Every structure is written in structure tokens, then in C-alpha cells.
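Chains as they are written, first to last, in this note's numbering: chain W, 1 to 467; chain S, 1 to 196.
Simulated from the structure, these hints should not be mistaken for lab results.
Some hints here could point you the wrong way.
[What the hints assert, rightly or not] Calculated cross-link-like contacts (lysine-lysine; reagent style BS3-like; alpha-carbon spacing at most 30 angstroms): (1) S:Lys195 <-> W:Lys167; (2) S:Lys33 <-> W:Lys423; (3) W:Lys322 <-> S:Lys195; (4) W:Lys95 <-> S:Lys195; (5) W:Lys95 <-> S:Lys139; (6) S:Lys38 <-> W:Lys95; (7) S:Lys186 <-> W:Lys338; (8) S:Lys186 <-> W:Lys11; (9) W:Lys165 <-> W:Lys179; (10) W:Lys254 <-> S:Lys139; (11) W:Lys305 <-> S:Lys139; (12) S:Lys186 <-> W:Lys20; (13) W:Lys11 <-> S:Lys195; (14) W:Lys165 <-> S:Lys195; (15) S:Lys139 <-> W:Lys322; (16) S:Lys186 <-> S:Lys70; (17) S:Lys136 <-> W:Lys322; (18) S:Lys10 <-> W:Lys423; (19) W:Lys167 <-> W:Lys179; (20) W:Lys266 <-> S:Lys70; (21) W:Lys322 <-> W:Lys305; (22) W:Lys167 <-> S:Lys186; (23) W:Lys322 <-> S:Lys33; (24) S:Lys169 <-> W:Lys167; (25) S:Lys169 <-> W:Lys322.
All values derive from a computational prediction rather than experimental measurement.
Next come the chains, spelled out residue by residue.
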Amino acid sequence: MSNSPTTLFDKVWDSHVVRKIEDGPDVFFIDRHFIHEVTSPVAFLGLEQRGIGVMYPERTFATADHNTPTINQHLPVDDPLSANQLQQLATNSAKYGISHWGLGDPKNGIVHVVGPENGITLPGFTIVCGDSHTSTHGAFGAIAFGIGTSEVEMVLSSQCIMQPKPKKMRINVNGQLGKGVTPKDVALYIISKLSTSGATGYFVEYAGDVFENMTMEGRMTVCNLSIEMGARGGMIAPDQTTFDYIQGRPLAPKGADWDTQLAYWKTLKTDAGASFDEEINFKASDIEPMITYGTNPGMGMGISKHIPKASEVEGGVATYEKSLDYMGFAENDSMIGKKVDYVFIGSCTNGRIEDFRAFASIVKGHKKADHVTAWVVPGSHIVEAQIKEEGILDILTEAGFVLRQPGCSACLAMNDDKIPAGKYAVSTSNRNFEGRQGPGSRTLLASPLVAAAAAITGVVTDPREFL
Amino acid sequence: MAYDSFSVLKSSAVPMPIENVDTDQIIPARFLKATERKGFGDNLFRDWRYDKNDQPKQDFVLNNPTYSGKILVGGKNFGSGSSREHAAWAIYDYGFRCVVSSFFADIFRGNAINVGILPVQVSPEFLHEIFTAIEKDPKTELVVDLQAQTITIVATGASESFAINGYKKHNLLNGFDDIDYLQAMKSEIADFASKR
Ligand code: SF4
Chain W
1 MSNSPTTLFD
11 KVWDSHVVRK
21 IEDGPDVFFI
31 DRHFIHEVTS
41 PVAFLGLEQR
51 GIGVMYPERT
61 FATADHNTPT
71 INQHLPVDDP
81 LSANQLQQLA
91 TNSAKYGISH
101 WGLGDPKNGI
111 VHVVGPENGI
121 TLPGFTIVCG
131 DSHTSTHGAF
141 GAIAFGIGTS
151 EVEMVLSSQC
161 IMQPKPKKMR
171 INVNGQLGKG
181 VTPKDVALYI
191 ISKLSTSGAT
201 GYFVEYAGDV
211 FENMTMEGRM
221 TVCNLSIEMG
231 ARGGMIAPDQ
241 TTFDYIQGRP
251 LAPKGADWDT
261 QLAYWKTLKT
271 DAGASFDEEI
281 NFKASDIEPM
291 ITYGTNPGMG
301 MGISKHIPKA
311 SEVEGGVATY
321 EKSLDYMGFA
331 ENDSMIGKKV
341 DYVFIGSCTN
351 GRIEDFRAFA
361 SIVKGHKKAD
371 HVTAWVVPGS
381 HIVEAQIKEE
391 GILDILTEAG
401 FVLRQPGCSA
411 CLAMNDDKIP
421 AGKYAVSTSN
431 RNFEGRQGPG
441 SRTLLASPLV
451 AAAAAITGVV
461 TDPREFL
Chain S
1 MAYDSFSVLK
11 SSAVPMPIEN
21 VDTDQIIPAR
31 FLKATERKGF
41 GDNLFRDWRY
51 DKNDQPKQDF
61 VLNNPTYSGK
71 ILVGGKNFGS
81 GSSREHAAWA
91 IYDYGFRCVV
101 SSFFADIFRG
111 NAINVGILPV
121 QVSPEFLHEI
131 FTAIEKDPKT
141 ELVVDLQAQT
151 ITIVATGASE
161 SFAINGYKKH
171 NLLNGFDDID
181 YLQAMKSEIA
191 DFASKR
């Protein structure tokens, strides 16, 4: 059996099964667990009600990100409910001996940004968090996915969850990406082809030279969005790019430990001839800079295209019309030239240093459009520091942008960063659901380049004009 | 025991023939600030249910007294998006014990079972039959029998079986949860962990 060709996914999954339950899920061991203030309090409450403790506190890491303010983080948090959640995260972490990077801590930031940048996320690991974009960590060749609060309680109390093994899908993208086409566009393109439920029940491996040539930041953006096509998660085989990224990070293995781990990591790839339940191929040259026009991430298209007609889309016409109605768009509209009120660059999808470099490459030498409100939010304090060190802050300031403090911010608008009802926001985040960025908000998902072009022109603009 | 056990449910149903109902609609993020599992039902489908001034929107099904019951019938791809278990809590807290759809998002399906809601996946055709039956008679009843793994429209007698794995079925029938199971095998887990 060990000689038959095996997928990367099977190698990692099978080595984490503690027990197989007949006609049931696998008891699945978790190497790393991230928690944040919103989906953990009820789990800790559950532990207390049952009178059980945390089995391996050293395997759990806490960071505050979902409801934190992005200005004046040195002041007490105004909203009493948010302040209470932040306090509970601190108290619970201290009580059970879990490391906690709270507001103001130099390591604080969005959970899916700080995990990798501190060397907590490693190849071959199983990683979970009460947040669906945990799939981000799959960029390192880990099996990583989002869980519910009951499962958070399971991991805390037993370091395991109960998981039926998903089916396997491989998505290959080969060829040369065109000018202005970023990892975000690759992901939005795939989702637009598969729909938001096209990969439900599957775990995806991304393969092909497009992903091999991507930076770790880019791979994280792609894996992050796996959940938006319904997949449990997505992963990319680790390679030299991965190892170079990890080496030297604060919590990464060192010395002899590094050598042992590295030897193992190098075995983490899909063997030739291994089979998948589904395999899909795309051509890099078919992908344009993307933008969404509807109320789910599958409703995206090349920025130069027109909004599809209801008769051309699969699925319910009523649902489609409801969606366009919410957005205030009509069939066959062009997106180019649509007025933009807000621009948000940040989130665990596009809140890493490479994203701010891309944004700055376009706004450099231009000015923010007067009517546009822009929120520029780094994914972590480490990213914030890099932005300053690399001189990106000067470019942003010169162009009329203000850098805020790290957190999830307008990605889910739990703090004060809410897009007002009816307003249009070009966002580099991951969800354009009704009200996601504030009640009544209208979200256009796009890459940092598209966001930058919109911020300086005030309308949806093809970023290739500036490249 | 974290929730009431589930055996046979006979109830009228609330129809929501919308596709891709995501968890941000089921419970918007701004209502996720509680630190206890209480009161989420009040904000179930908040922005579809109430207008900006917190007045009930008359055209939304939960505000229509014609429809009631412990079964929510949704369109394809129910529960997509965020992993927030609060969505399942809100549905449970509002009084639903079963959600029927032709397709569920993975994380939602798992969360639902973990909080004691039975997700029943039926064929698109049967889903259509259910919607039609409710349209004809809003008080029409459905019978969901977990032991037999069937769902039946009482008025027409039409019935379909649904899938659930044996382990989860046993849990739901008895009101057990995964944590009970995992606690009972901690030494096996510790053994496993020590070898990693
Ligand atoms: S940035 Fe958005 S998607 Fe990412 S962890 Fe925060 S809320 Fe979740």
C-alpha cells in the first residue's frame, strides 16, 4: 500500500487519523489550533460547564483580530461587547496557559497572517481555527480548514475533531499570467468557473506552473479563497519557495530539528499517477484582472466584460435577479466606469506585504480621488512595520492615503469600519455577501491592483492602464 | 448532553426558496459579540427580517404568520460562507430542529448536527415537491424520521430517504455529542500525540 502512488492530501490526512470510526468520521489529530475573540468564548464556557481542561495548551495560539478597532488601538475599546470578548480571550488564554497576542502586542494581527509570518504554520501540519479562511495555511502544504465553535471546544479538550475524509480535487493552472493578473484574479477566476458550491465536499490541491511560480503570499491568497467555492480547504505542495519563507521565522524549527523536518517536508508532494476524484484544468492566458458584480464570490468576471444575462447563468433566475437588484446593477452592464465610494485594501486574503507593494505600484505619483474613502489596513503589525521600512508608507501618504492599524476591519465590519448602506466598495477581501461589509453595503471584490486603480480614479478602472 | 435528542419530527415548515443562503444572512457579523450561547434567535436573518429602523419587513417569510413550524426548507447551497456556528445556534434558538435543502455547505452541515439540528438533504425534485405542497397549503406537515432516515409530505404521502452516517445518527438519536466520545478516548489520543 505504501508503494502505490499517493496524493499530498492523503499523505498528510492519513498520518493524522487517531481512530477510524466505522460508518462515521475519522478522529483527526490537530497539530496547530488558532483561536480569536469571536468564536472561542462559548467553547471555553463549554469546558467549564463540563469541568474539563485544555489538553495541549502549547498547540493553541490566540490572537485578537475580528472586532478590534483599526485606529487608536492604545485606547480602551469603546464598544462594551467587543471589549468583553477581547477581555475573555485574554482571561481564558491566561487561565489555560495559551499564548495570546492581544491588541497592541507587536505580534498581533489577523490570525491567518500572523500564523505563517511567525513560523507557526508548517508543511504537513493539520491546522484549524474557528474561521473559514483557515484554508490560507494550505499554501504551506498543510491541511487547514475552518471549524465551528463546538469543534473549537473539541480541539481544546482533546486536540482532535471528528472529520469525514473529504474527496480530492486537483486544479491545474498552467501557462503565463498576463500583465496585471494577480493570484487574487486566478482565485476569483476559478471560483467564477466552479461557482460557490462547485468544490463542496472536496479538498483541493492546486498544481501547475502558475502556482509553482507564485510567492508564498500569492499562494496564501489562492488557498485562502478555496472556501469560496465550497471546498473544505486547498493546499499547494511545499517547495524551495516555502522552505525559504519559513526558515528563520521566530517559531520555525531550528538547527538539527530544521534538518529533520526539511527532509520530511521534501516528501510532501503528490506522486506521479496518484488519482483524484476530480481534476480540472485552466489556462493562465484565459485569466484577466477580475471583479465581482453580485452577492457571492462566484459572481465574478474579467473586468472588461459585461454582466451576464440571467438567462445565461446556471441556477435560479430569481436568486440572480435578487442579487443584481441588491447591487443596483443590470444585466449586460459594463463594470468599467461604475462609481466607487469606498476602497478597502486588507484582510487575510490581501493584507500581506506583497499586496501593499502592488497597491503602491499603482497609486505612486497619483492622488486618491476626492470622493473615495480609502481604508488601508495591514494584516499584522509585522506587515505594518514592513510597509514603513520599505518606504511604501511615504508613497501612500504622498498620494493621500492613511495607513490604519491591523485587524480584520471592513472584511466583516464587526468594528466601526462599516461601508454605509447603498455605497459601493472595491474590496480586496473575500466576501461580497449582502451586508457583509455593513448593512446594505455593496461589495466589489478585486485584487490590490484593481483596488488601487479605483482609488485614484474613483470609478472601476482596468489596472492595466497604469502598468 | 448538549442538546435534546432527535427521533421523529412532525411539523409544518417555513419555506425559503432562495439559493446560496449564506451564514452572513443567517446571522450578520455584528450580532456575534455575545460570549454565551443565548438569544441568537432574535437576530436570525436579521437584515432580511427587519428594516433599517428595526421594523419587521412584511414580505419576509418569518414575519408572515401564515408560515410556522420546526422545519426550515431552504434552496440549494444552504449555509455557505463563514464557519460561524452562531448561524446554527440562531436557527436552533429560533425554534427550528431540522433544515431541509437540496445541498448544504460542508461546515454548516457539521455545525448543525453538532448543535442538534438535523440537516436533511433531498433531491432537487423532492425539494420542489415540498415547496409546491407548502404553497398549496401553508399548514401542510412534513414528517422527518431519523431512525428510518425518511422525510415524508403527509398530504401527498410522497417520501424520500436521506443519508446520514451511522455515528452521527446514533449521537442525534441519543443526544450525545463528539466531546463525550473524545473524552472517553483521551489516553489513545495521548499515545498518538507522543509519537508525533
Ligand atoms: S480578515 Fe475577514 S476572512 Fe480573514 S479572518 Fe478576518 S474576518 Fe475572517
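Checklist entry - Checking against the hints above, which ones are violated? => result Structure breaks hints 3, 5, 7, 9, 10, 11, 16, 18, 19, 20, 25.
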